[in-house]
Every structure is written in C-alpha cells, then in structure tokens.
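*Asks:* Sequence:
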Amino acid sequence: MSRARLVAAAQGEAPFDRLLTGGTIADVATGELRAADIGILDGLIASLHPPGSRQDAAAIDDMTGLVLAPGFIDSHLHYESSLMAPADYASVVAPAGTTTGVWDPHELANVAGLAGVAWARDAARGVPFRTLIAAPSCVPSAPGLEVAGAEIGPAEMAEMLGWEGVCGIAEVMDMAGVLAASPRMAGIVAAGMAAGRNINGHARGLSGAGLQAYVAAGVTSDHEITSAEDALQKLRAGLTVELRGSHDTLLPEVVAAIMALPVFPVTLVLCTDDVFPDELVAKGGLRDTVARVIARGMPPMLAIRCATLHAALRLKRDDIGLLAPGRAADIVALSDLATVAVARCYVAGQPAATQAPRPPPGLRQSMHLAPLAADALALRPRGVPSGRVRLPVVAGARFTTWGEAEAEVCDGIAAPPPGHSLLASVHRHGRADAVPRVALISGWGEIAGAVATTIAHDSHNLLVFGRDPALMAGAANALIAAGGGMAVMEPDGRLTLLPLPIAGLLAETPAAETARAFADLRAAADRVIAWQPPYAVFRGLTGVSLACNPGPHLTDRGIADIARGGVTDPAEPLGWPLKAQRDNNCA
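Mapped onto the UniProt record's numbering, the consecutive letters of the sequence shown carry residue numbers 1 to 587.
Rather than coming from a laboratory, the hints here were simulated on the basis of the structure. A few of these clues could be false.
[Claimed, not checked] Taking lysine to any residue pairs in the SDA-like style, the calculated list, with each CA pair at most 25 angstroms apart, reads: (1) Lys316 with Ala512; (2) Lys283 with Asp273; (3) Lys283 with Phe538; (4) Lys283 with Gly543; (5) Lys316 with Gly493; (6) Lys283 with Ala58; (7) Lys283 with Lys316.
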C-alpha cells in the first residue's frame, strides 16, 4: 500500500479521515502522559500533533478528559473457551479495548484437524478485529493416551505456517515429546524455526534441567505459571511469560516479584487464555487482566505496556502496540487509567463494532456416535459379579492425584461410595470405538443430577459426570442430538442445554445470548451439585481429561497418566474379594 496519502496528511497537505482531539496520550515507549491530537487516515495513524493545531478531518471526535492508549493485544487465547466464533468474540472484547488477539484454535483442530484451523482462519476474515492464528502443535496433546478427531505432525504444521494470518506455533503441550526429542515434536518445532516464527510454550511443572532443555529445543514463551518463583525462573530462562488473568490467586505474589526486579522485563506480556462467556461479557476480556495486575501493584503505564508494546515486540510486529505515525489506528480511550475504564475503542480508525454476523457454515455434525443406554454408563468392575471391590480413583479436578476406593458391586455394577461420583469419557470423532470409559472420581462434592460436555480438553470427547447412569445418559443423549454442547440434567428430568453445534465447541448464537445460556447452565449446576461455586465445576470438568498435564486424567481410552506413560482400565479391580459375599448384597 502506498503511504503517499499518509505522508501528505501528516504534513497538512491532505485531510484526515478522523481526528481525535483533546486527549492525553499514554506513550508506552517513554512512559509519558502527554497532550496530543491524533490524525487518522486509511486505518493508520498519520500524525500525533500539538492539541488544536489541525481541524481538517471528515470526522472529529472529542477526547477531552480521556487517556488514549494503544489497543490491547491478547497474547494467547482460545475463542472456543468462550464458546464464541471470532465475530461474536470480537463484538465483546473490541469495545472493551482489545483490538488484537493471538488465537490458538487448538480445540477446533482436535475435533477437525486442518479443516478446523482453516475454518478458524476463514471465520476471522473480515471481522473488525485483528486475529492472528497460532498453528496448533499438539493434536492430540498426549499421543497414545487419547484419541482426538485428527492428528497433526510436521508436514501439517509446515502447511499451516504457509497460510496467511498464521503467526507461529501454538502452545507446545507435549512437553514429554519435546524433552525426548520425539520425531513428531522435533519436526513440528523445526518447522517453526525454519519459518522464523514464534514457538509458544506450555511448560507447566517444568524447572531446572527440564526447563532448560525445553527452551533449548526452541520454545520461547509460557503461560502456565504456578508461582512467583516459577515466573522468575522462566523469565531467567529467556521465556516470554504470558501472565494470565485467570491466575488471580497468583497475581499478588507474581506482580510483587516482578516489581522487585532491578529492571522491568520486556519479556512480560498479558493474556486471557480461557474465559467462559458470561465472564467475558461481564468483564471484557484482556481489559480485566490489565486492571487486575494494576490492582495487585503494577503501575498502570507498565501494565498497559505489557498489553501493548511488549506484546507487539513478542509478535515481531511494528505496526501495532504503540501510538505513533504509520502504526495501526487501534486506540483505546480510558476515562480512568488505574481501573482501566474504557470509554471507547477504535479498530483501524473505526469505532469498535458491537454487532457480529452469524458464523460461517462448516464444522457441524461432529457427534459421530449413537445414543447411549444408561447401562453403558454404569461402572462394571472386570470379573466381579457381586461383593466389595477396590477400584482406582481420579482424585481432584484439574490438579489430580491417584486414589483408591472400595465399592459395593451388585449384579456386576459398582455403586459409587459416599464422596465419590462417576465420570465417563466417550469417543465422539468416529476414529476409535465409542465404548464409554467409566471411572470413580472424588473431590467434586455430592451431585444429585448429571452434567455432560463436549468441551473436554484436549481431545474434546464426550464427558459425563454424575452418580445415576440414567441421568447421565439423559444429559449425554441431549448433547448427541444437539450436535454437541453442555447440559445439566436434574433428578426430576429437567434439562438445561447449551447447544454448541460448531464442532461441539462453539455456539451459533450472539455473544449476549450465549452468555445468558451459560449463566442458566451454572444456575442448573447450582441446583444439583453441592460444591460452591458451581462455576468451578465447569472449569474442572472441561479440564479433568487434560492428559498432557501431570497426574491421572480420564480420556476416551481410560485413566491416562503421562508420567507413567500408559493407560489404566478404570474398571480393573485393585483387589477382590475384600470380604465374604453376602446374600443381601444386591438388596
């Protein structure tokens, strides 16, 4: 694009499309707050000039009393976690100040492979919001422990890196594969390095020699921070730390540790990662993260710098992240710097859109399994017709440990003991058998109904939680009929359903409607689960099958443990008989 018009406008030889007057510039390069007007032409900033010195513009917007900052850049996110297609997501976060997002469509890729990533790329086109695609690197995230809807290897990665709009490799979750230099992961990382792209990490639990090796392999960022010391260790290892707003309990100690460093690290950026739809609509995405780190002690200018200039440097982009001539006119106007109160936002010089077109066609009909009978979701210990049996237990939600429990067996079916429930994982992609794997779980509170979801990281098979197989089947079959989604079945048969017909992950409804439906789902969970807050149930349930993380996790193959390197049959007894069989066992 010729910049002749921009040059002319900067010199007063041509008018601007839009002029922002009377505002105060947050200069994230120098740390200054200074008065200046901004002239915009063809979606770019033509000039920053003395207040009131120019009036030649097709539109003049009064910014008196407002601080103008670069549009926020969300360094790592999943639209799927908000259950929204790109246009709907943008209609929420752009008016709240976020103008660029780095999307890892990892969930779509696990369901539909390259076709899912291509759909993501195409769905983001034409949306008044800058979506940069990070090519999913771990499909599946734990090979041999789960079966996803597709597999992505070095050849597929090289193909995606050649697509327009793909900015790098998404979080490398197969840490074990990287450390073992497996041909698959070594080839994927090599493709990114050959293309000169960022290779984003997922280094939960890595430290010492393991972390050094992971970084030496070519990974350059991480958003899986577990403590202040973990954040510092990763900064010292040369990683860009993507600090997540969802790590709210960690923010005070992490911010304090960072502020105690001799120099504020340019390798610190901000991200949202996973945000449910009602929270997104209520808080506005990355705006909330910026406000949180400020509230925890980071100076406002530094927090905004992390969300703008630092992120642009990380992305190797010199067209965003700064209010300067020649950069994109992505501008957020703040009425209060400390609370990040957004008064208005511009994307490429235009007011941020609050309406979104409906998602494009494609990726429907992803439930490749027949309706389930209640009997299929019962836990049937192998070779045990009756008596008491000891079975393996997945204890905890996202941070799981191994446990054991004794259960009574009657007519071949084990009843969950008090404090325990059933969790079933069922393959839904048509690439393996759809036989439910049913396990005992603990630490979830008591449930009187059932919850089902097709959002189940990372292979997104059908996951069902409850104690009564009949209620579990009711919730599961509702999702099979709806093409995927989330559902709560109450003891009286009342069903609350959120359909997610796009790959079983995304809604077709506008953002506000999706948020309301999710809030209804949370309310239904509150009625059937004795665990507060019920919101945590969905976050736990969607992550309890994340087999690339340490600990036992239930997948469509069984209880997987990446450290042990195998899958345990959840119905295989650990001990039987434990006591003499009684005549009234099945009373």
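*Asks:* The structure should be examined with respect to each hint, and the outcome stated for every one.
*Replies:* Now for the hints, and whether the structure bears them out:
1. Taking the CA atoms of Lys316 and Ala512, the gap is near 34 angstroms; set against the 25 angstroms cutoff, the hint is violated.
2. A hinted pair counts as satisfied when its Cα atoms are at most 25 angstroms apart, and Lys283 with Asp273 qualifies at roughly 14 angstroms.
3. For the hint pairing Lys283 with Phe538, the CA-to-CA distance comes to about 19 angstroms; that is within 25 angstroms, so the pair holds.
4. A threshold of 25 angstroms between alpha carbons decides the hint, and for Lys283 with Gly543 the separation of about 22 angstroms falls inside it, so the pair holds.
5. At most 25 angstroms may separate the alpha-carbon atoms for a hinted pair to count; Lys316 and Gly493 exceed this at roughly 54 angstroms.
6. Our distance criterion of 25 angstroms between C-alpha atoms is broken by Lys283 and Ala58, whose separation comes to about 33 angstroms.
7. Among the hinted pairs, Lys283 with Lys316 is inconsistent with the structure: their alpha-carbon atoms are about 28 angstroms apart, more than 25 angstroms.
The structure shown violates the earlier hints numbered 1, 5, 6, 7.
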